[in-house]
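2 protein chains.
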Amino acid sequence: MIYVIGIGPGDKRLMTGEALQAIEKADVIVGYVTYIKLIKELIKDKEIVKTGMRREIDRCQEAVDIALTGKNVAVVSSGDAGIYGMAGLVLELAEKSDPELEVKVVPGITASIGAAAVLGAPIMHDFCHISLSDLMTPWEVIEKRLLHAAMADFVVCFYNPRSKGRANHLANAFQKMMEFKSADTVVGIVKDVGRKEERKIITTMREIDYELVDMTTMVIVGNKETYVKNGKMITPRGYSL
Amino acid sequence: MIYVIGIGPGDKRLMTGEALQAIEKADVIVGYVTYIKLIKELIKDKEIVKTGMRREIDRCQEAVDIALTGKNVAVVSSGDAGIYGMAGLVLELAEKSDPELEVKVVPGITASIGAAAVLGAPIMHDFCHISLSDLMTPWEVIEKRLLHAAMADFVVCFYNPRSKGRANHLANAFQKMMEFKSADTVVGIVKDVGRKEERKIITTMREIDYELVDMTTMVIVGNKETYVKNGKMITPRGYSL
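Protein chains in written order, with the working numbering: chain A, 2 to 242; chain B, 2 to 242.
There may be inaccurate statements among the hints.
Identical chains share a label here; the pair holds if one copy fits it or two copies do between them.
[Claimed, not checked] Pairs of lysine-lysine residues, derived as PhoX-like cross-links and limited to a Cα-Cα distance of at most 25 Å, are as follows:
hint	residue 1	residue 2
1	97	230
2	45	201
3	165	41
4	230	165
5	192	105
6	192	225
7	72	230
8	192	47
9	105	201
10	105	197
11	177	72
12	145	225
13	45	97
14	105	51
15	38	72
Since the hints were derived computationally from the structure, they do not count as laboratory data.
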């Protein structure tokens, strides 16, 4: 049995009961070293397989191999395992190795939802998730999605917004979207959601300081109606008050 | 103090620890009668204010008024309170009544994430949320978003997909999207996520039986690469296996 578990943004209180139970049932915990650290109190008596970044396939295959020996394995990742996480890969690899092997995806609080709660209520209306990582998606596909998202006036949540190797991705994305979105559109930034370093910034597309953004940051760009009041970023649903 | 709490899809094990704690701290629980029922075991000793549907403004104003008397109030809704939920409205009304009144949004597992875990891994790549309710959003705006979502090849999660009063909305939405999405695109349907009546169906845009869909149903339409294997709906991230 493999549980693919989303542990949420990092604060144990944002995990679901089902995630806690699944970790308890597991004999072996498999995950990227940063995520293992986040839950270290919960897994003191477990066998632990830590792996580095960009070794997703090896990590998931190892989880499958261990599960095939009859052990219960928990593959942990931050946020929700089904959103740019490990769920797809584990399902694909498990099916290849043994279609009978049971895989259970345990949902978690993804970064956009965690960040939205900190900012106020920015995703109260239609929104989309776009990852700015072009490691596995051609930049032209990303750019096309940015343009359509802007034309449709979606609120946009950016995953993997900016890293050392992709320092200009967010600026390029904003540039593209500003063909259709006003430069005054509200932007909410949350760093390290749910962790003790958590920090919130509310700005606009024109005024954003891209240096504030790294891979542990969630960036949410509002729609035409998004506004800021009393330090909160709010996208109205449409009630007449 | 007002906590605006997303209680997840309905199974207590899908609530976060923070949501449980906030409910415990509350003196008064405010919510639509269906949600109150879902958590009735947790709130036996609390003052409860139940309201009917479509009385969102009254419900939230009542929560604000009670909080202004110094009590801790929990406004509960299913899924995540910040996604087509009560968070925006409570923040807006609280600010109007007393900008000093503290409002804390407590994140929850929204229906798309809960349904995705049941289906497999359908939202592993860029996706959007679109509500098909035209009570507060003109149908032209919804239609525009459907077209752009289809052109951008987003995975699409439908909220409020179909009700008695809007029996044809989902069929109309699919018709529009099929201008740009293949009729063979995989569609996942989950009814009553996380409740004992939970039911999962995997079909295509061409073959869907719209009668299976009602307001308690999540409908997820895949992208070009979404496939079905071993009963699971998977949108690949792009790893070469």
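Violations among the numbered hints, reported as their numbers in ascending order: 2, 3, 4, 8, 11 and 13
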